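K.L.:
Here are the chains, one letter per residue:
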Amino acid sequence: MVVLAVVVGLNLVAYADNRQVDLSAANSFTLSPETVALLHQVGHPLQIVAFLTTGGPDARDASYLLNRYREVNHRISWSVVDPDANPGEAKAYGITSYSTVVLSYQGRRITAPDAQEADLSTAILRLLRGSTQQVCVMTGDGEPDLQDTGPNGLADVATVLRQNAFDATAVDLTVGTGTVPSTCAAVLEMGPQQPWSPGEVTALQGYLHKGGRLMVLTSSLSNTDPNAVLQPWGIGFEGGLVLDPARSEGVDWSNVVVQDLPSAGPVDEGVTSLQFPAPSALVVGRNSGALTVEDLAQTSSQSYVDPDPSSGTLTFSPGDVPGPAVLAAASDSSQVLNGGPGPAPGVAGPSAVHTRLFVTGCDTWMTNGFLGNLGNRRFFVNAVDWLTGQDNLVLATSQAPGSRPLPLTPALQAELLGVTVGAVPGLIVSAALGRAGWLRRRRSKRRQ
Amino acid sequence: MKRPAHAAAVLFSAMLTVGAAAAGCGSSAKSTSAPAPPVVVPGPAGAYRDINVSAGRREVTLIGAQIGPLVPLVAARSFVPTEPLASYGLDPPAARLTYDRSSGAPLTLLVGSAGFDAHFVYVMDPVGRPVYTVASDQLRAVLAQVGVTVPQPTS
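Chains U and H, in that order, give the protein sequences. Numbering-wise, the first sequence is residues 171 to 618 according to our numbering. Numbering-wise, the second sequence is residues 901 to 1055 according to our numbering.
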């Protein structure tokens, strides 16, 4: 009985003192050092609201993660709101999809696309930085309008940019000085319909050579030929119409669903599929020297490119180019320029410039009608983050995918109590007593 | 000679009982298994003579095969409303569905607005308090007949 009392007592003591040890191979259940350091910099109340279906596994995992955040810094408060049961609150925060997380800090508010550590920490870093970056949206060539709330407009893009601490400013290079303002962290050319003027081409070429960050979203439905600007950076616009019988929305083979996202880089991160209506193909060059070119999205092997869709037949026919076709690509180049601002403020001399280019052969996937479909929104945010250099923030706080925390829920605690205090000691003591009884019987038989 | 074995058996049973009882307190099975989707209107379709759909002054009566899409009416989930019913578009409701049973009193449901991502529509039985979320696709065509538009999902 003494042994039993000791065993039960030890278990009760251990049960009363909850401690967690992360034994996973990649410390998946532990906040990264970058996140912990970041959280220590939060000097004012930070409110985090995660919109998730309460009671579901996502909400449970988010609660676990957000508890870790609060453990590091008690200025952080959090809540999980069920957007189904609280539509008024979801509307007040502008929520349009599950898993959206809203972070508020010193009067500023931004959203994170998911309740994952990388997304949350990146959002917090932006809040702490306090300033918004200006992204310049090109106009003057028939591009859709940022104010347009119709299906072909870009009002949702404007909202997404604003929610992610970007200030979207319209820039018309067809008038005025014809140069890209120095305040632009990136230039977004989304869906031009008319040919670029020679002045625009010169302005964009000069911008890229000085370390510009450019997004070009175009298609063969446009009259714009972007190759004079794109090709020096390893990406070519091939044109035509890409059709994918294996992966398309409904019976429209040109409404392509992209599921091959081969890049391990930050633009594809967290994106599993895209919807690209009426896309055209790109040509991706080879890496050379400081130039890195990467295929971001491609169609299935059953797809093909119809170079002349106006010919009438959309089935595979002679002259069509077999797939897979590249629909999105990125180019990254580092070079050293003589002159310019210099390596440091106030210091003259050579300086390193970092040119980045993001191109898609589709100019409608980011419109209001499609931005919310599949992973389009995340893809767009990732691309802008990468162009403006914020991908470093994402990478710095990324965890290995597949994190599956094991929170100590009340049910789990009860199970642990039952097993550790009841069943396991019971089995041990019972086995010992049984063994003792068997030995006594055996001795008695021998004496007889 | 029988005492030790007997004592062990009794102790073992007691321990297992305590353990099982403690584990049962958490009712882990209940907390981990997915609950069955709530049935708003049970089948079969033959149990109903017709369904009246009304919104304002407009109304249509569905009969025969037309009532098939609305019987059984199964919700994705149900919950007790935490916001005013107006938040769910239920005060006043956008439409009413009145199921005329072959036997028994008619069953009336209030139809509210679409959810935050338009994947579902709020539905409530005015007799009970739970609010149900019913797939927008199941109600869109029916509600369109009385001029109520259910938007397409945002994601």
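Just so you know, the hints here were simulated from the structure itself, not pulled from any lab data. Model, not experiment: these values are computed from the prediction. There's no promise every hint is true.
To be verified - Ranges of calculated distance between the beta carbons of each label pair, as one might list FRET restraints:
hint	chain 1	residue 1	chain 2	residue 2	range
1	U	Ser443	H	Val939	27 to 37 Å
2	U	Glu241	H	Asp991	33 to 43 Å
3	U	Arg278	H	Asn952	48 to 58 Å
4	U	Pro492	H	Gly968	38 to 48 Å
5	U	Trp608	H	Ala936	26 to 36 Å
6	H	Asn952	U	Gly226	29 to 39 Å
7	H	Ala1035	U	Thr372	52 to 62 Å
8	H	Thr961	U	Pro492	35 to 45 Å
Beta carbons: idealized from backbone N, C-alpha and C, even for Gly.
K.L.:
Now tell me if each hint is right for this structure.
P.N.:
Consistency of the hints with the structure:
{"no.": "1", "hint": "Ser443/U x Val939/H: 27 to 37 Å", "verdict": "holds, 33 Å"}
{"no.": "2", "hint": "Glu241/U x Asp991/H: 33 to 43 Å", "verdict": "holds, 42 Å"}
{"no.": "3", "hint": "Arg278/U x Asn952/H: 48 to 58 Å", "verdict": "holds, 51 Å"}
{"no.": "4", "hint": "Pro492/U x Gly968/H: 38 to 48 Å", "verdict": "holds, 45 Å"}
{"no.": "5", "hint": "Trp608/U x Ala936/H: 26 to 36 Å", "verdict": "violated, 50 Å"}
{"no.": "6", "hint": "Asn952/H x Gly226/U: 29 to 39 Å", "verdict": "holds, 36 Å"}
{"no.": "7", "hint": "Ala1035/H x Thr372/U: 52 to 62 Å", "verdict": "holds, 54 Å"}
{"no.": "8", "hint": "Thr961/H x Pro492/U: 35 to 45 Å", "verdict": "violated, 55 Å"}
In summary, the numbered hints that this structure violates are 5 and 8.
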